[in-house]
Amino acid sequence: MSITYDIVELPEQRIGSLRGQLNQAQELWEQMMEIGGRTGVMGRPDVVNAAILPANALEQSPEDMMSMEYDTAFVVPADLALPGELTEGTIPGGRYARATYTGPFDGLGGAWGEFSGGWLPSSGERLGTGVAFEIYRSSGEDGSEPVTELHIPLA
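Residue numbers (our numbering): 1 to 155.
Treat the hints loosely; a few may be bogus.
[Claimed, not checked] Beta-carbon label-pair distances, calculated as ranges:
1. Asp6 to Pro92: 17 to 25 Å
2. Ala155 to Gly43: 33 to 41 Å
3. Gly89 to Gln26: 20 to 28 Å
4. Pro83 to Glu63: 27 to 35 Å
5. Arg44 to Pro121: 36 to 44 Å
What the hints contain is simulated information worked out from the structure, not anything from laboratory work.
Even for Gly, the Cβ is constructed at its ideal location relative to N, Cα and C.
From just these sequences and the hints, can you work out the full model?
Structure, rendered in structure tokens:
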């Protein structure tokens with residue numbers, strides 16, 4: 001497992017998503033994978049998977065986080081027709097702290113804790129408004145470790 005940190009300026013990103021609560025993440029992802037597989041969206045080189053939460057979720061207790069709004073999403077190019085089951089939206093552009101986490105998905109909770117509770121306060125930066133999100137760059141299906149980018153909006 002490894003984590004690297006940096007600050008990035010990101011453009012607005014178009015998404016197609018399903019919304020629920022964090023405690024419904026497993027079933028939302030199952031629906032997204034079914035929709036993505038059936039429609040051919042999943043597996044395109046210009047599409048990545050994302051998970052999105054309100055930024056203030058990072059300030060909540062784990063119990064309170066579970067009932068917060070949660071989106072599973074495909075980040076898609078502007079010219080891609082979205083499947084009808086998905087809601088079109090955007091991840092706002094702006095300045096973000098980014099942690100690139102290489103390791104198993106079951107370590108993401110710890111990576112978020114280290115990022116938002118350790119690195120962010122010591123960096124001199126502050127949590128902004130908007131959304132915090134994960135981008136899944138590599139699933140590890142090829143035998144390598146999964147790579148996930150964690151993003152926190154900055155004030």
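Subject >> CB-CB spacing for Pro121 and Arg44 relative to the 36 to 44 Å hint >> reply: 38 Å, holds
Original post:
Does the Cβ distance between Ala155 and Gly43 fall inside 33 to 41 Å?
Top reply: 37 Å, holds
Original post:
Gly89 and Gln26, beta-carbon distance inside 20 to 28 Å?
Top reply: With Cβ atoms ~22 Å apart, the hint holds.
Subject >> Consistency of beta-carbon spacing, Glu63 to Pro83, with hint 27 to 35 Å >> reply: 33 Å, holds
Original post:
For the pair Asp6 and Pro92, does the Cβ-Cβ distance stay inside 17 to 25 Å?
Top reply: Between Asp6 and Pro92, where Cβ atoms are some 19 Å apart, the hint holds.
Comparing the model with each numbered hint stated earlier shows that all of them hold.
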